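Single-letter residue listing:
Number of protein chains: 4
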Amino acid sequence: MKVGFVGLGSMGHAMAGRLLKGGHEVVVTNRTRAKADDLLAQGAVFAETPAEVARQVEIVFSMLFDDASTEEVVFGEHGIASGLAPGAIHACSSTLSLAQARRLKDGHAERGQVYVSAAVLGRPPAAQAGELFVIAAGQEDALSRLRPLFGCFGQRVFEMGQDPLQANLAKLSLNFMIFSTIEQMAEVFAINEKAGTDPHRIFDLMTGSFYNAPVHRNYGKLMVDHEYDNPGAPVTLGLKDVEMFLKAGGEQGVPLPYASIVRDRFLGAISAGDADRDFVVLLERVRQDGGLK
Amino acid sequence: MKVGFVGLGSMGHAMAGRLLKGGHEVVVTNRTRAKADDLLAQGAVFAETPAEVARQVEIVFSMLFDDASTEEVVFGEHGIASGLAPGAIHACSSTLSLAQARRLKDGHAERGQVYVSAAVLGRPPAAQAGELFVIAAGQEDALSRLRPLFGCFGQRVFEMGQDPLQANLAKLSLNFMIFSTIEQMAEVFAINEKAGTDPHRIFDLMTGSFYNAPVHRNYGKLMVDHEYDNPGAPVTLGLKDVEMFLKAGGEQGVPLPYASIVRDRFLGAISAGDADRDFVVLLERVRQDGGLK
Amino acid sequence: MKVGFVGLGSMGHAMAGRLLKGGHEVVVTNRTRAKADDLLAQGAVFAETPAEVARQVEIVFSMLFDDASTEEVVFGEHGIASGLAPGAIHACSSTLSLAQARRLKDGHAERGQVYVSAAVLGRPPAAQAGELFVIAAGQEDALSRLRPLFGCFGQRVFEMGQDPLQANLAKLSLNFMIFSTIEQMAEVFAINEKAGTDPHRIFDLMTGSFYNAPVHRNYGKLMVDHEYDNPGAPVTLGLKDVEMFLKAGGEQGVPLPYASIVRDRFLGAISAGDADRDFVVLLERVRQDGGLK
Amino acid sequence: MKVGFVGLGSMGHAMAGRLLKGGHEVVVTNRTRAKADDLLAQGAVFAETPAEVARQVEIVFSMLFDDASTEEVVFGEHGIASGLAPGAIHACSSTLSLAQARRLKDGHAERGQVYVSAAVLGRPPAAQAGELFVIAAGQEDALSRLRPLFGCFGQRVFEMGQDPLQANLAKLSLNFMIFSTIEQMAEVFAINEKAGTDPHRIFDLMTGSFYNAPVHRNYGKLMVDHEYDNPGAPVTLGLKDVEMFLKAGGEQGVPLPYASIVRDRFLGAISAGDADRDFVVLLERVRQDGGLK
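Chains as they are written, first to last, in the numbering used here: chain A, 17 to 309; chain H, 17 to 309; chain W, 17 to 309; chain Y, 17 to 309.
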């Protein structure tokens, strides 16, 4: 199948590469053309603008950094929406606010185009290995056309429903689970440290017993090692995500007290000068409150 | 080795049985003698009182329901402390407040006896299979004598330090992790349900991706199935545990905001008439706040 | 002096009337012209658009409903900014987000105009009596020109600083104090009601002793009387205000946990069907949590 | 009338003095006899023990520091309960937990004695001036006998109901209102300070407009002046009080989220080394979170 891919950051690049490996023709574009070079060497075709990509395919994926870049790439001049044919699909993998997702849904619908949310869980190496988790939502016929493509980069697809926003919300929810697990572990590490127990022992106890999910192992390890300065994702990104989740709570009328506490921790981290450190530095706010240097 | 065991509820009974199977002579007692019958058939010896048990052994285990029952069995008339020889060990597996643990530590120390905290994670079937996790803390020489015994009922022993209270606190901490994971999942289930997504799909997404620890699988399943009426542990027990954790936070000077929120949910559950239902019914408080019936 | 006034809702109307009574020439405009009738009878002059108002004066006041209406009236077609001369002043009394206030500040500055924030505390009857409290911030020379005008409708002027946003933030802060006092009183009323004490007795105790500010007397009375259905301001307005305050906290990097709790109560109220009732209905969320009907 | 008074700290001493001034015969006792000297000079009679006091009167007041001292003075050897005749009244003005109040109620009832809760609001100078606020609850006939005596030291009596615990709870509630007003003001002072506004200006705005109760004026002033080191009441006392309130919430099944946040602030203050400073130092926790030194 001939598909488009817009946005070749490390995640998008890996996903587009998997589509190529899956035997698909892939038309790509990116603000910085050089990032496409090796994909072109593997057979991808470069187009000058998102609109150019969209004009050539019936399915275009996008993977952008945030709401603003997605808005620009979709509805800006030479954006996806201006090139996509009626009936064609835009499958967007960016982590978006519900408000932005709604703009995609409505904006494409006005043009007779179809928006599918295809959020992904996992980091670039997982994308390269085709081991992402895909969280998808949209019209059933669009999903059925996308499933084989999802299989190129995803080890498993979780379908949330027919409204694309359901996948956007599910993605925000799972990101929240990272943050709230960090807060939870931070409270536990801090009180035990204050009582004289090395947090590494608590970490071993957690991950050696019933709290051994990747979310515990990966973030817990960074926390007990105080590995803050080689950020997988910085505090500012965590704050952006939890604020989108809280905003979703506002739209849905669902109070989310754990999310509010995480937001406060991230604000405190920023005010403490830790904006650009890994968001597990949230632990330091809990330690500070507990009088641990 | 000859060891004592006081408290033959379902956990204590299973643990004592494992000690017997491990080839040890076990002297037991229990308020209701009938609960000891099959252990006696397997070779255990019954003593009339905790003191009688203690007088016959150098190591006595106990597994009681709470602070009050532990206080009574240890320091009451004919209690363990009155029978235990100087230098002998009381290894207590009950989930206790730090205040009660301190009374055990100090009370035994005054008598030249040794208190070891040997909290356990797991349910009775795990105990029967010798697959508990043991959280231990106490003097090194006492721990070294206890290790082979822990191996009878525990698949793994986690040692926290030389002060027995370190194990009590670690145990309270891990129980808190159950509750806070439930609150975390409840917020996620509720907001997605409000947005039209079946929580079972969210559960599959969590446990099919990075949130697949037993704490997610076991409690999450009960939650999405609204399985409240066959309680593994009721709200009242959850409340007792989280209040002990909060009290520990007070003693250590560590604010624990996630724990406070859980306490409020449990109070709300009790006021809603759910005191005796499984503590995952906390989900209903979150749903109620979100306007979901 | 000749001054302009844009926005003749009940507050704006009263403020413009006070300026007239103070002997000033007042040029007014309003979407609905009829609301200006009695002011015209008292000597005010009507202009067709905000720009028309601004062209005739060196000082224009505005009092609009929210961010969006202010944005439209100031920077929209025929807006204030398009009519105001360089060096002229726009004194805005609307309750705005910091983001909107910043747009006013920057947008006027680009045109060589001066934005002053002149938020007010009090209700329309106080405005009619010239008994508002004015919270002002802006350049000193602009403030000095405005002071005599503030005196027409305000019993007292509180100046926050030279950056207009300081007054916007102070206004959001004082609104937050209403909400957080309501939550505080709600917790007190609910627990005492649960214990069998009529909340009216608690109200008398509060207001008869050390908690006798207008914020206690006015809102507390509505609460104990369950006067929800004749709203001074509805839950939706409270939610809008507390979300602006929380957003300000985000911009300043200051966690505001009490504000987060109020937001959650308002969300709960909306989900419970109380969106349009007086925001003191927050009490019902606290009562509900406590098992009081 | 002949009345007893046990506990001559600064509050008790002033209250007993007012009873004397009111023309009553007063029998007093105190651990440190010297504190009674000037009362004896005014005609009071000293008794060696609380029981001795109780034996001579039909009404005995007490004003002790806390639960423990009250328990000792009432039910300890030579305690009030051992001297009080059946039908006689113990009017206790201490700030007590509900659990302790219940012990007084039940313990006196077993002996045919009557416990009345007669909590007071105000500081020693107000007591000396007879300007306390009295919060009373108990059996109607007991209250009717006490009213003239309350009038000696109180400017106004607020009666809560026939169960003495109602007054204990009301007193805890009003103390909570101090703390939660401090947290509320702290959030406001901190965010405005971060935005460049001198908190004194915010204080003037609050107290010059609708937030002008004594609770705002007295504590707000200490806060903006950073007057932490001449404590009216230290953090430890605030913590004790808010924990009693939270415990009452637990007994009544009423979640009190604002109280939990105050508790966390006080714990943080203690861990920061501020245990013995005035409890308005809570402001420093909010400032710290906001990155204000």
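Note that these hints are calculated values from the structure, not bench results.
Please note that a few of the clues may not be correct.
You can't tell identical chains apart in this list, so a pair holds if it fits in one copy or across any two.
[Unchecked claim] In silico DSS-like cross-links for lysine-lysine, where the CA-CA straight-line distance does not exceed 30 Å: (1) 121 <-> 256; (2) 309 <-> 51; (3) 210 <-> 263; (4) 309 <-> 210; (5) 309 <-> 263; (6) 121 <-> 263; (7) 51 <-> 37; (8) 210 <-> 121; (9) 256 <-> 309; (10) 309 <-> 37; (11) 237 <-> 210; (12) 18 <-> 51; (13) 210 <-> 51; (14) 51 <-> 256; (15) 121 <-> 18; (16) 18 <-> 256; (17) 51 <-> 121; (18) 263 <-> 18.
The model shown is predicted, which means the values in this text are computed figures rather than measured ones.
**Request:** Please write out, lowest number first, the hints stated earlier that are contradicted by the structure.
**Result:** 2, 10, 13, 16, 18
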